[in-house]
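> Mind docking chain B on chain A? Use the hints.
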Amino acid sequence: MSATTKDTEVSDAARDAASARSTSTGSPSRRRRPRPRWWLYVVLTLGLIAMVMPFVWMLLGSFKTTAEIRQYPTNFWPIEPTLDNYTQLFGRLDFATFFTNSIIVAVFVTLGNIVFSSMVGYALAKLEFRGKKLLFVLVLGTLMVPGVVTFVPLFVLTANLGLVNSYPGMILPFLITPLGVFLMRQFMLSLPDDIIEAARIDGAGEWRTFLSVIMPLCGPAVATLTILTFLGSWNNFLWPLVVATSEDKYTLPVALALYSVGQNAAQYGLMMAGAVVVVVPVLLIFVVLQRYFVQGIALTGIK
Amino acid sequence: MATLVPQAPARARASRRSRHATFVAWGFAAPFLILFLVFMAGPIVASLMMSFTDLTTRDLQTPFNVNFVGFENYAQLFGDPRFVRSLLNTAVFVIVGVPLTMAVALAVALALNTGIAKFRTVFRVGYYAPVVTSIVAIAIVWRFILQPDGLLNGFLGWFGIAGPDWLQSTTWALPSLILMAVWRNIGTLMVIFLAGLQGVPKEHHEAAMVDGANAFQRFGNITIPAMRPTLLFAAVITGIGFLQFFEEPFVMTRGGPLDATLSAAMYTFNQFGFGNYSYASAASYVLFLAIVALSLIQFRLLGKKD
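If you're matching them up, the sequences are chains A and B in order. The opening position of the first sequence corresponds to residue 1 in the UniProt record's numbering, with each subsequent residue numbered one higher. The opening position of the second sequence corresponds to residue 1 in the UniProt record's numbering, with each subsequent residue numbered one higher.
Chain A on its own, in the form it takes in the complex (with noise of 0.2 Å):
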């Protein structure tokens, strides 16, 4: 995770984290050791646990019969846990095949972006063209467009190309977006240009420079906008509710979002058991890959 930022164009976040890099490695001497104090660990703690108590809770939940949640006061601990939560939901609701649309839809969007992505980014970092600013203006622009915007016009667009319930039209609308390309530049644009000039030098056209040289470079940018695409996939709800009209093609947050407000909505344990099978992937990808977040956060400002 070094020499990710160097231009000038970086976000303020990002330039304030390189230079957090820079500053914790700097003279120890000027640098304070902070003064732990103990009432900042409680506050803290307390805040901590309830951040992570409504994880516990669905946790939990999932493992409790629907009689045992009914009673109140309720019992934190499941007096006698039970899987059963989790076998309704992958016999008599279809959530194996939710889990396959999603992991589908979110390898496929992950791969475009990470392939069109760099390829922008590298023309808009290493290449000088005429239009250059404009693509870039465009990808600057659109940066903060909400799907809530353009789902309306898509849809149409989607029915008329026949694609409405099926995997392209779920897919095609996110192999690319323009936090991803950006990603991408920023990244880029802190590789030193030498390389590209000695590739030039050793006759190399400018897609083997970019396929053999560059890219292998981009190893951390990569990991970073990977793990952002397939979560932000992974969570999507808009698009996926307006397009899969038939069960077979739910996304889990679709899937369980409309369950939850149908007929199973009394079914505390097993609604919990289906958010526990949309989270915890999840939340272990994080917890193992967590430095990839931030730096995500760092390069780009934006979750």
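There are no misleading hints in this set.
To give a feel for the contact side, a few chain A residues facing chain B, derived at Cβ under 7 Å:
#1 M119
#2 E206
#3 S260
Simulated from the structure, these hints should not be mistaken for lab results. Even for Gly, the Cβ is constructed at its ideal location relative to N, Cα and C.
Relative to chain A, chain B alone:
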């Protein structure tokens, strides 16, 4: 734009080379550009155009039946008390939620930055964890926590407080959703603020300490001014996110009770569900304009960094 400064004899070759470079570069951009135009730029423009027509779900097969209606959709929107209500709810959500999230996140960042030597990573991971999780899943969990006999009221019961039926109360439903949104978004801002705090010059703090300034004075006169760009940035991105809140009311309250939690995004979605495509487009464009306004403020504020 062109980097090559052509000299008289080499001019023709140089311009050919620069044309070639442009061609290659657009080759790199082409797949992105096509997808971008079709699935992003196109719909943004189409959304605006649709908002001036009377397109409904029935016109999908017969696009020539669509008529231009001018600002009728917009007039109808602002004449609909439910839409006005949804705008107000969204405004409250942003105006209360954003400062609250920022205050808590700043407090956590300050505590982690100055007073803590051990377990920093544990705290950081814990406070950030809600950010990475699906809002839908989390909203379901919170719905159960906020039930009349749920975890929160059980907790309040220890202190002899009888909590209300949070999500069914017209008074408490929106504050409950705000509380959940704050909980979910603290992590993002905490990380941004932690980065921002590293940019506050240590020398200034030390000089102020020598001059006898206490912690609060140093916070107000050194930390806050040095953090200004970071704070503004955080306010804008959080504001843009909060303007679109949708999953929370969809899962937790369906916009009720009595439209107390109906958001602008949810109103748009409902109209889309009824098949009123052009009307939904107009509603989404009103929301879009609010987001654009916030983005422009962001560019202006971040533009003059020095």
